[in-house]
Amino acid sequence: MSGQHHEHGHDGHAHGHDTYVTHYSAKDYAIGFVLSLILTAIPFWLVMGNVLPPNTARVVILAFAAVQVVVQMIYFLHLNSKSEDGWNMMALILTVVLLVIVMSGSIWVMYHMNANMMPAMGGASDTTHGAHDMP
Amino acid sequence: MSELKPSMPGALSADEVTARYLVREHHPENGTLLGFWIYLMSDCLIFASLFATYAVLGRNYAGGPSGAELFDLTLIAVNTAFLLMSSITFGFAMISAQAKKVGKTILWMGVTGLLGLAFLALEIYEFYHLIHQGAGPQRSGFLTAFFALVGTHGLHVLFGLVWLVTLMVQLKKHGLGAENFRRLQCLSLFWHFLDVVWIGVFTFVYLLGVMP
Chain G
0 MSGQHHEHGH DGHAHGHDTY VTHYSAKDYA IGFVLSLILT AIPFWLVMGN
50 VLPPNTARVV ILAFAAVQVV VQMIYFLHLN SKSEDGWNMM ALILTVVLLV
100 IVMSGSIWVM YHMNANMMPA MGGASDTTHG AHDMP
Chain V
0 MSELKPSMPG ALSADEVTAR YLVREHHPEN GTLLGFWIYL MSDCLIFASL
50 FATYAVLGRN YAGGPSGAEL FDLTLIAVNT AFLLMSSITF GFAMISAQAK
100 KVGKTILWMG VTGLLGLAFL ALEIYEFYHL IHQGAGPQRS GFLTAFFALV
150 GTHGLHVLFG LVWLVTLMVQ LKKHGLGAEN FRRLQCLSLF WHFLDVVWIG
200 VFTFVYLLGV MP
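In order, the protein sequences belong to chains G and V.
In this text, residue positions in the first sequence follow numbering that gives the first Met the number 0: the first is 0, and each later residue adds one.
In this text, residue positions in the second sequence follow numbering that gives the first Met the number 0: the first is 0, and each later residue adds one.
If you're looking for bench data, these hints aren't it; they were derived computationally from the structure.
No residue lacks a Cβ here, since even glycine has one placed at the ideal position from N, Cα and C.
Among the hints, a few may not be true.
Said to hold, decoys possible - With the Cβ distance kept under 7 angstroms, some of the chain G side facing chain V (calculated, not the full set):
(1) 25
(2) 43
(3) 44
(4) 53
(5) 68
(6) 76
(7) 86
All chains, full assembly: derive it from the sequences and hints.
Structure representation (structure tokens):
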């Protein structure tokens with residue numbers, strides 16, 4: 000990320016008074032691309048080659064995805080705490096908080112609803128046929 | 000801010016009030032990029048809802064085919080490669096734009112567009128194939144969630160392509176002024192953001208989907 004921070008007046012961009020201007024460097028894109036390639040290839044290899052037991056593989060794959068998201072945010076989306084005076088980062092943090100609530104909340108609620116509505120709970124045949132026998 | 004002047008005796012003068020109460024925050028001169036970023040974050044929440052839906056319904060096959068039976072990981076690997084390559088070619092376009100090379104910028108945007116088109120073509124082929132073998136969105140909860148999530152991402156890529164072509168024409172006509180550079184910066188964010196979402200798609204939907 001070094002070399003992304005430029006004082007104003009540099010490069011003649013339209014950002015008259017910004018103290019921060021994104022600098023698009025080939026080095027950043029190259030690093031991001033190579034890291035993404037590795038972080039994509041390994042999970043595909045793990046699944047397609049049945050390398051690990053499923054439970055371990057699941058955790059490893061999710062970890063690789065999380066790392067790759069961060070890598071792309073930094074090297075492709077040029078996100079850091081300085082861009083737009085930190086407001087980019089603020090918006091991102093808010094989004095991640097909401098995202099975690101939406102995802103974990105939905106999965107948690109729906110998992111328990113599914114589990115509690117399983118016909119197997121307490122006499123399977125009685126429960127499933129009960130509805131049809133009602134007058 | 001002069002209305003803020005207190006009316007009490009021995010009160011502060013207007014200048015002192017300003018100095019004491021008016022915190023001078025530094026705001027970005029041009030709000031476009033921040034505004035566009037906030038749009039992307041709202042888009043992120045749409046995808047989060049679709050991911051949550053998939054997480055909830057993803058294993059409800061209703062007696063129909065499962066992901067393990069339907070997904071062709073080789074196809075998805077090729078597709079992922081197309082999208083990742085289109086990310087770096089767009090990066091080359093940004094570097095060319097920064098160096099004020101219009102021709103090179105348009106060239107790299109063209110390459111990006113072709114890669115995006117290849118991605119979309121493979122996805123449409125996959126959808127067609129699935130629907131053809133009776134695994135359409137109406138087959139099961141799993142397939143509804145699958146088509147909603149992957150289809151929404153595909154639609155984003157399609158709109159990104161429309162934007163890309165429009166901007167190529169704009170660049171050809173008006174060159175690399177401040178406005179067009181700003182538009183390029185927005186499209187750059189959009190395009191890379193789609194790649195970030197795709198990381199979630201190939202991990203959650205495809206890789207975890209084919210596992211037992």
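Status of the hints after comparison with the structure:
1. A cut of 7 angstroms between beta carbons decides the hint on residue 25 of chain G: the least distance to chain V is about 6 angstroms, and the hint holds.
2. With a cut of 7 angstroms, the hint placing residue 43 of chain G at the interface with chain V holds, because the nearest CB-to-CB distance is about 5 angstroms.
3. Given hint, residue 44 of chain G at the interface with chain V, is violated; its Cβ is 10 angstroms from that chain's nearest Cβ, farther than 7 angstroms.
4. For residue 53 of chain G, the interface hint holds, the least distance from its beta-carbon to any beta-carbon of chain V being 5 angstroms, beneath 7 angstroms.
5. Because the beta carbon of residue 68 of chain G sits about 6 angstroms from the nearest beta carbon in chain V, less than 7 angstroms, this interface hint is met.
6. Checking residue 76 of chain G against chain V by beta carbon gives a least distance of about 5 angstroms; that is within 7 angstroms, so the hint holds.
7. Taking 7 angstroms as the C-beta contact cut-off toward chain V, the hint placing residue 86 of chain G at the interface holds, the least distance being around 5 angstroms.
When held up to the earlier numbered hints, the structure conflicts with hint 3 and nothing else.
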